[in-house]
Every structure is written in structure tokens, then in C-alpha cells.
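Protein chains: 2
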Amino acid sequence: MELTVVGSVAIDSIETPVARRENILGGSASFASYAASFFVPVQLVGVVGDDWLPEHTNIFKEHNIDVAGLEIEKNGKTFRWTGKYLQNMNERETLDVQLNVLGKFKPKLPESYRKTKYLFIGNGDPATGLEALSQIDKPELVVADTMDLWINIARENLDKLIRNIDGLVLNDSEARDLTGKLNTLEAGRTILEWGPKFVVIKKGEHGAVFLSKNEIYVVPAFPTEKVVDPTGAGDSFAGAMFAYIVAQNGKLDENTIKNALVYGTLIASFCVEGFSLESLQKLDLNAINARREQFKKIASF
Amino acid sequence: MELTVVGSVAIDSIETPVARRENILGGSASFASYAASFFVPVQLVGVVGDDWLPEHTNIFKEHNIDVAGLEIEKNGKTFRWTGKYLQNMNERETLDVQLNVLGKFKPKLPESYRKTKYLFIGNGDPATGLEALSQIDKPELVVADTMDLWINIARENLDKLIRNIDGLVLNDSEARDLTGKLNTLEAGRTILEWGPKFVVIKKGEHGAVFLSKNEIYVVPAFPTEKVVDPTGAGDSFAGAMFAYIVAQNGKLDENTIKNALVYGTLIASFCVEGFSLESLQKLDLNAINARREQFKKIASF
Numbered sequence: 390m391e392l393t394v395v396g397s398v399a400i401d402s403i404e405t406p407v408a409r410r411e412n413i414l415g416g417s418a419s420f421a422s423y424a425a426s427f428f429v430p431v432q433l434v435g436v437v438g439d440d441w442l443p444e445h446t447n448i449f450k451e452h453n454i455d456v457a458g459l460e461i462e463k464n465g466k467t468f469r470w471t472g473k474y475l476q477n478m479n480e481r482e483t484l485d486v487q488l489n490v491l492g493k494f495k496p497k498l499p500e501s502y503r504k505t506k507y508l509f510i511g512n513g514d515p516a517t518g519l520e521a522l523s524q525i526d527k528p529e530l531v532v533a534d535t536m537d538l539w540i541n542i543a544r545e546n547l548d549k550l551i552r553n554i555d556g557l558v559l560n561d562s563e564a565r566d567l568t569g570k571l572n573t574l575e576a577g578r579t580i581l582e583w584g585p586k587f588v589v590i591k592k593g594e595h596g597a598v599f600l601s602k603n604e605i606y607v608v609p610a611f612p613t614e615k616v617v618d619p620t621g622a623g624d625s626f627a628g629a630m631f632a633y634i635v636a637q638n639g640k641l642d643e644n645t646i647k648n649a650l651v652y653g654t655l656i657a658s659f660c661v662e663g664f665s666l667e668s669l670q671k672l673d674l675n676a677i678n679a680r681r682e683q684f685k686k687i688a689s690f
Numbered sequence: 390m391e392l393t394v395v396g397s398v399a400i401d402s403i404e405t406p407v408a409r410r411e412n413i414l415g416g417s418a419s420f421a422s423y424a425a426s427f428f429v430p431v432q433l434v435g436v437v438g439d440d441w442l443p444e445h446t447n448i449f450k451e452h453n454i455d456v457a458g459l460e461i462e463k464n465g466k467t468f469r470w471t472g473k474y475l476q477n478m479n480e481r482e483t484l485d486v487q488l489n490v491l492g493k494f495k496p497k498l499p500e501s502y503r504k505t506k507y508l509f510i511g512n513g514d515p516a517t518g519l520e521a522l523s524q525i526d527k528p529e530l531v532v533a534d535t536m537d538l539w540i541n542i543a544r545e546n547l548d549k550l551i552r553n554i555d556g557l558v559l560n561d562s563e564a565r566d567l568t569g570k571l572n573t574l575e576a577g578r579t580i581l582e583w584g585p586k587f588v589v590i591k592k593g594e595h596g597a598v599f600l601s602k603n604e605i606y607v608v609p610a611f612p613t614e615k616v617v618d619p620t621g622a623g624d625s626f627a628g629a630m631f632a633y634i635v636a637q638n639g640k641l642d643e644n645t646i647k648n649a650l651v652y653g654t655l656i657a658s659f660c661v662e663g664f665s666l667e668s669l670q671k672l673d674l675n676a677i678n679a680r681r682e683q684f685k686k687i688a689s690f
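Residue numbers (our numbering), protein chains in the order written: chain P, 390 to 690; chain B, 390 to 690.
FYI, nobody ran anything at the bench for these hints, they're computed from the structure. Ideal placement from N, C-alpha and C gives every residue a C-beta, glycine not left out.
Just a sample of chain B residues kept apart from chain P, beta carbon distances all over 12 Å, derived:
#1 R410
#2 G472
#3 K495
#4 R503
#5 L522
#6 D526
#7 I551
#8 A679
No farther apart than 20 Å at their CA atoms in a straight line, the calculated lysine to any residue pairs in the SDA-like style are these:
#9 P:K495 / P:R544
#10 B:K640 / P:I687
#11 P:K685 / B:N644
#12 P:K592 / B:L571
Here chain P stands alone, though its shape is the one from the complex (with noise of 0.2 Å):
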């Protein structure tokens, strides 16, 4: 059972206020496709330039990632984003953006993709989700992430898109913006209302909800503060909580979702204590399942 993901892959610079990283792999769909691949095998699809490492490919390819999908486009530049975090790491300031290859990058999935039953849409142009999605047969399940940036100008294609998914991944600020609501729960229902089975808002070193029409489920974030660079943390958990889902065959009971919870949890708690996909390049299922066993003890009870 494939989980296909779609969207960006970027070139990142990245200031914090304890380092500074230049020309790091970023994208919403490397660290969703990254954090998925502890539970199943994923094929990604997405665009980069002909500044793209090959290193970079290997990072994925080693790691249960198809890159079929992954299209290298010969005189172009891959997407770069350039961003700064301030002093409590929660804000961050964009410095520079390149959309480059990005900017007209029309998804088209290689024939093995195209019965996959499941689909993730990373963060980014609702229309690049609309149009992969347009490119499969009949998927089971598919779950889309989105940001203020696309409720701002693309809000149209994003009306849309989030009429023809299953779920809804996105944060607290972002679901108030998009349905007017400031209750975080009635904003979340505002949106069951347009068509997803469920919502899951992100709220950053406050946790995560989950709701659909009779069920709520809230996880607390796993306690750190070792936050190195947040950058990839919120795709890193949708990536892995619907890559459980995706490994339990995409059954959505109590216990799979409290579970693809926590391990999307888990995962980002681990993606922020380093920069890129350092720190989840370090993981095994072993490091994350403890990690889970100290997180029962923290939060369970």
C-alpha cells in the first residue's frame, strides 16, 4: 500500500537565532514524503531544477521513496525559499522567495502512480493538488495540507480542492482565517460542512485536533527544547499521521487515528531538533517507539 505524496521540493537557506543554513533540501513534499516513509513506502512527485543534487535524490531513494515522480528539469532552478526564525522560533519572517521551476509546475504522475489509493497533498498551489489528483483512478483516501498563503490567492482552486478530499490538514490561525471562525473546534466543523470526513488543526508547540462529525481527539506536542529549526515540522506530521493511517490499511477507528496522532507528533518532534531532514535521516522505528513509550509517560494518562 503506496502512499503518493505531491508538492513542493525546494532549495532552503534558513536563519535561526542560534545557526544558519545555506541551500538545504526543504519542501513540503521532502519532509512529508520523508515522515511517511517510516510506515509505508511512498512515491513522490514533484518538480526541481538543474541545480538539484543527486545527493539529495539518494536521501530519498535510500529511504523507501520512489522518485519516479520526481521530474528534473533541465534549465530551470529548483523552488528556494529563504526564511528567518525570531528569537521564540514560533514566528518567522520569508526573506526570499524563487518560485522558479515551481511557478509552472504541472504535476504528471508516472503510469506506475496512477492506481494509488492513497494520496497526499503537501502544502502548496491548490491547483498542483487538483490536477494530480484528476490524474488517479480512484483513490481511497487523499488528505491536503494548506497555508494562509493559498487561502489568500488561491482561494477559489482551494474551495475546491477541499470539496474532493478526505481530510483537511492545517493550523489553528490558518482554519480561522478560512472559515471566519475564532473558536478553533467551530472552525474546524465549518469545514466538515464543505465536504472533508475529517480536519486535523495543527497548533504548533501546542499540539493537534482531530475531528470529524462525532469525533474529537486532541494531542498535546511532545515537550522539547532543544528546537533547532522548525522548518518542515508541520509537514512532517501530516506526512507520518497519514502515512499510519495509509499503514493500517487507511482505517480511520479510534485507535488508528489517536495513533497517527502521536506518530505524527513524534516525527515532528524529532524534525525540528535539527536543520533539513538531519535529524530524521538519524531515525529508525526503534528511536521513534521509545520516544512514544517517554511520550505515554508524559501525556497519557
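With the hints as your guide, set chain B onto chain P.
Relative to chain P, chain B alone:
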């Protein structure tokens, strides 16, 4: 095993986006006492004026709260607070404060309270807490709650109080203000260096964190859409949390602490569903434990 509670007893007038109520029972000691009294007998220490209604005293008396320490000052008026909650119910504005008899309140513990083993110092001038503390023989466990006002105007006494208590309860923004540390956990650890055995950091709708030298526990808030009036939620949380620990003879083992956090969370979740003590007055242990089961389904894994 009685719990002695000292703090403010107030008459509040409150405006929320949905309703407005005048001259209702409020104050940190009122909420903390009432919340605590679901778990242990409470001895209240506070002061009111001649505008105080006997009905309000009866609310305490009928709920396991000894009012021998509630001083009624003739020729004085009760502390009055008038406030307004903004649309999101998280922010509030103080419209008017009249300290009245609270202004020169020097708590005098009745003889019968002076051998209490457990003291809760509700939010208020730290001088009041220090005075109450000095009148108790050998308290076993002392917990204090505080707020930004005292960090700003009574720092010296607050520091002295913090050095002499076992547990401090405060909001996350207050923990940051008090310590200058932006990360909640770092802020908590800094406070532990000043003396307390444990710190509980309240995050409102995002739950709470318990920190001691070697332990950390987190609990999300009980998710609720029907917030009528948030006044007293933090006091109720702290009062119920500490009372649960007192009910287990002051033990601070993992199981007790987690349950204390959970019961504090539950009582606070009921508190916000009505003005003043109204929704707590309708409550019994069966209703609390029914919500505990709900909460376990929602948040435990």
C-alpha cells in the same frame, strides 16, 4: 486533611461577546476554594465588605468550605472587578478595579486553621501569601498561583514567596515575563532553580504543563465550544489540581500528578461554561467523572 485557601474574594461585573452580568461572586480564593472542595474540605481565608451577601457565604458553606477565615469588614466594600472579554474569549480588558477592603487586607488565620498541612495561596498580592504562610506552624505542601500584575509591581515579595513554596502555578506568558526565557520549559526550569519542587504552567485553551526536576507531564485542555465566561478558569484549575494532591495525602507520584492535572482541567472546563460559580454549583463527582471518561477517550492514548 483540610486545604487552606487564601486569596481574593470579589464582586465581579463581566461582559462577554454574548452576555453581561453584574455583581456576581468572583475572586481567586472563591474559585479555587469551590473547585478544591469537590475533593477535600476547604478552609477559606479572605476579606469582604458590608456589601457582601449572605447568599454568597452560603454557597461556600453548603459546599464543604469553612468560612471562619472569611473576614467581613463593616464600613468597607468588597473588592470589585469589572472586565470585558474580547471576541476570541482569550483576551480581556479590565474596565474598573476597586480594591476596597482587599487593599489593606492582612489575613488572620483562625486558630483552627493554624495547623493546616496544606496551603493554597490564590492569585493576589504576594505580601498576603507571605503573611498567611507565616501563621502556619509547619505546612507540608504550599502551592501559590500568581499573575502578571504582581510580577510587575511586587517583584521582591513575589520572589520571596516563590522561595518559600513547594509549587508555583502561573500562565505561560507570565512564566516568560518572570524569567525572561521565551521557551516555556526553559522558563519553568528557571523557576525550579529558585526553590519550588514543581511548577505548573497554564496555557489556557492549550492545556497545562507540570515540571519538576526530573519529571514533565502535559495535559491538553478539554475541548469546548460553549465558553460562557472564562473568569476563574485558572483559579479553578489550580484549586482542584492541588486539592486532588491533598486528597492523596500530598503524595507527588506520577499517577497522582497526572490525575491532579486532569481533574484541574475538567473542573476548569466546567467553570467556563457559566458565569461565576454557576456551573460548578450544578456539578457533582459523578458528572466530573463522566467527563473524565470522555476526556480519556479524547486525549489519552
